[in-house]
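J.: Since the structure of chain H is already known, use the hints to place chain V on it.
Protein sequence lines correspond, in order, to chains H and V. Position 6, counted from 1, in the first sequence is what the working numbering calls 6; the numbers after and before it change by one each time, with no gaps. Position 326, counted from 1, in the second sequence is what the working numbering calls 1326; the numbers after and before it change by one each time, with no gaps.
It is possible that some hints are incorrect.
[As the list claims (entries may be wrong)] Taking lysine-lysine pairs in the DSSO-like style, the calculated list, with each CA pair at most 30 Å apart, reads:
1. K1301/V <-> K76/H
2. K16/H <-> K1126/V
3. K76/H <-> K1126/V
4. K32/H <-> K16/H
5. K224/H <-> K1301/V
[To be verified] If you anchor each label on the Cβ, the simulated ranges turn out as follows:
6. G141/H <-> P1273/V: 53 to 61 Å
7. K1263/V <-> N38/H: 28 to 36 Å
8. N229/H <-> P1273/V: 37 to 45 Å
9. P273/H <-> D1275/V: 33 to 41 Å
10. E1354/V <-> T121/H: 35 to 43 Å
11. D232/H <-> G1141/V: 50 to 58 Å
12. Q45/H <-> K1224/V: 22 to 30 Å
13. I1191/V <-> G103/H: 39 to 47 Å
14. G141/H <-> G1316/V: 53 to 61 Å
Since the hints were derived computationally from the structure, they do not count as laboratory data. Computed from a predicted structure; not experimentally measured. Note that beta-carbon positions come from the ideal geometry of N, C-alpha and C, so glycine has one too.
Okay, here's what each chain looks like letter by letter:
Protein chains: 2
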Amino acid sequence: MRDVVVVGVGMTEFGKHYNRTIKELGEEAIWKALKDANIDPMDIQVAYCGSTLSGITDRQAGVIGQLALKEVGITKIPVTRVENACASGSCAFHEAWICVASGMYDVAIAIGIEKMTGVDTSGVVKALADLTDVEIECDQGYTFPGHFGIVARSHMHKFGTTREQLAMVSVKNHKNGTRNPYSQFKKEISIEDVLNSYMISDPLRLLDCCSISDGAAVAIVTDKQTAKNLTDKPIYVASSVLASGSYGRPNLVSLEVTERAAKEAYEKSGLGPQDIDLAEVHDAFTINELLHYEDLGFCKKGEGGKFIEEGQADIGGKVAINPSGGLLSKGHPVGATGIAQIAELVWHLRGDAEERQVANAEIGLAHCVGGFTCGGVGACCITILKN
Amino acid sequence: MRDVVVVGVGMTEFGKHYNRTIKELGEEAIWKALKDANIDPMDIQVAYCGSTLSGITDRQAGVIGQLALKEVGITKIPVTRVENACASGSCAFHEAWICVASGMYDVAIAIGIEKMTGVDTSGVVKALADLTDVEIECDQGYTFPGHFGIVARSHMHKFGTTREQLAMVSVKNHKNGTRNPYSQFKKEISIEDVLNSYMISDPLRLLDCCSISDGAAVAIVTDKQTAKNLTDKPIYVASSVLASGSYGRPNLVSLEVTERAAKEAYEKSGLGPQDIDLAEVHDAFTINELLHYEDLGFCKKGEGGKFIEEGQADIGGKVAINPSGGLLSKGHPVGATGIAQIAELVWHLRGDAEERQVANAEIGLAHCVGGFTCGGVGACCITILKN
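If we strip away everything but chain H, and leave its shape as in the complex, we get:
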């Protein structure tokens, strides 16, 4: 297996881009990444595009990657769209990594694009609900907010996690998001704001939930030799892991698939949770971020509430979690999220994250899950990057 280097990243601001097409969003992020990598578009050999709700929340039903790449003049290479619900972007990066790590190609581009504002809000909510096992979950009323509401109550009941601790996740991420020029919400909020926001799925309220967003993010990876000619700040992929598994089984308070994928990612990289300086994790709801602290090994099972309350997830804490603002503040254009996580890690590891920079960041972890709830199986993608 060859070393793989992230040589360039780029993204659009996340938010509601009512008047921009997926082609325009993709083009902006691709040009930024090409410029960042100092690479000619003609040197890109293979492309993967993560996009989840194409044809559902936006008219364009397919071949998104080719459309966006055409805008920068790339028209002949293999281009494949990949989908794994909320982990679609992560999977595009994983496929690009496979291509270069295996020696099949030397230069690969991973693109994530989502346009969620092509339909009304109820249409988006319905589309997301259809990422569960429609027959046995969605159609029985078992949706993502429904499931994670139950998970939150279970965590509170079993471990004494408080409603305020959940809110602290959103407060922290919104604070980080104010320092990120790419984030959808650049406004600090208080615990009271969260507790007073509209009820979505008890105990989760509006500000416990991620948003509807449009956006694109791109990463370019190469082998080590090619990277030498492109960058003085190579960021290495220490491991890239994709797994499937159950959510909430055998118990509601862990994501078994995260635990297993993390174990594999740590083993393959020779690293452990103690080595991670910052992590971008899948905070679709506040409770999820607490679970990830535990399942990724940053604290013991049940201690997620304490971890956030003690400030250990802050920039400057034990592990900076979601310095970008995460899904809660940066936004969650589904297929773009996984690659935006990679971009955030790269900026920190290069020391380019400006106001939100994690000091002396050497090793970062990105984590995304996607699809289904407790009855089924979903995807989990974990990437560890290092200087």
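T.: Quick look at chain V alone, frame taken from chain H:
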């Protein structure tokens, strides 16, 4: 690059499975392929699932592969859905091939599933139209039937191709389809039937066009060493190529992307069009099959009409084209088609194709294109298999 062997294939009958879910369709095809490969489900290491219109013509919006695999007890491995419009199944196979050829995995499964009957016919037609560049093509009325109607008229004008020669493609494929237990239409038709059928896009009529179908197809690939323990009839992947490119540019009567992908596939395999005993090609409309004869090198540009009229595309002719019945007769559950093509080739190369067997078949080619029309770029996937 390692040799890759197709060790097992399986598929459902194609047709209108109104009362069956994508899980059920996938499960049937997966079990058949596992049995054919004589392999334990637990030995599968990685999976790719081709599905194009998920969430649009069927409620299930994502993670199709995990859902189908769960039905056979496979719940932990990496599973990724891929989409490339009509070439989605072919791309799933291509990704599985990359994994094994590169040495990243030893055993990979490629699944294609499509459920098109979850919405009414106008919904399917709209969904397919949205696989063009929606902004500059579909919304200007430039659809696939529209485009290929123009292509057919151009071919007739430029090369003297007759309306009857176009009809012969459908007549041949329906004849082949009557011998295929998996085909949607098992009824022979005449040239008059085609010429008298409903006008769709002048000069293309209903029986010039492929159908709306549900179905699933699966192929399992391994490295050569693993294959030795599984099968006495190894079918080798001589080459697997994915390319992007324009349709109908610089001229309307060729698919530039097919010509280029075919050149690469022939070069990589050390084979040429003269070596191909049978080919499954993308006959979405009758005119397309004529173009493919030419662009794949089975005859000269402009001689496609003569090729079909002389019976050279028949089983027993120079190259048996679409012995399965092709999209026109076997049906076209979009994401399943590319893998059904692989299954058909495998059965012929093993000598197991019964009534429709191509005598002494040693080398077969599968060809799928997907997405967009003349203004944009689409995908083309070509696979060459050999004994």
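J.: Against this structure, judge whether each hint is valid.
T.: Comparing the hints with the structure gives:
Restraint check for K1301/V and K76/H: satisfied, since their Cα atoms lie roughly 22 Å apart, inside the 30 Å limit. Between K16/H and K1126/V, the direct Cα distance comes to roughly 26 Å. Compliance with the 30 Å bound is thereby established for this hinted pair. A hinted pair counts as satisfied when its Cα atoms are at most 30 Å apart, and K76/H with K1126/V qualifies at roughly 27 Å. Of the pairs offered as hints, the one joining K32/H and K16/H holds, with about 20 Å between alpha carbons and a cut-off of 30 Å not exceeded.
Of the pairs offered as hints, the one joining K224/H and K1301/V is violated, with about 44 Å between alpha carbons and a cut-off of 30 Å exceeded. Here the CB-CB span from G141/H to P1273/V is close to 56 Å, well matched to the stated 53 to 61 Å. Taking the beta carbon of each, K1263/V and N38/H are about 32 Å apart, inside 28 to 36 Å as hinted. Taken as a hint, the range 37 to 45 Å holds for the pair N229/H and P1273/V, whose Cβ atoms sit roughly 39 Å apart.
The supplied range of 33 to 41 Å is broken by P273/H and D1275/V, whose beta-carbon atoms lie about 55 Å from each other. Taking the beta carbon of each, E1354/V and T121/H are about 54 Å apart, not inside 35 to 43 Å as hinted. Between D232/H and G1141/V the C-beta distance comes to about 52 Å, which sits within the given range of 50 to 58 Å. Checking the proposed 22 to 30 Å range against Q45/H and K1224/V shows it holds: the Cβ atoms sit about 26 Å from each other.
In this structure the supplied range 39 to 47 Å is violated for I1191/V paired with G103/H, their Cβ-Cβ distance being about 52 Å. At roughly 58 Å, the beta carbons of G141/H and G1316/V sit within the given window of 53 to 61 Å.
Against the hints set out earlier in the document, violations occur for numbers 5, 9, 10 and 13.
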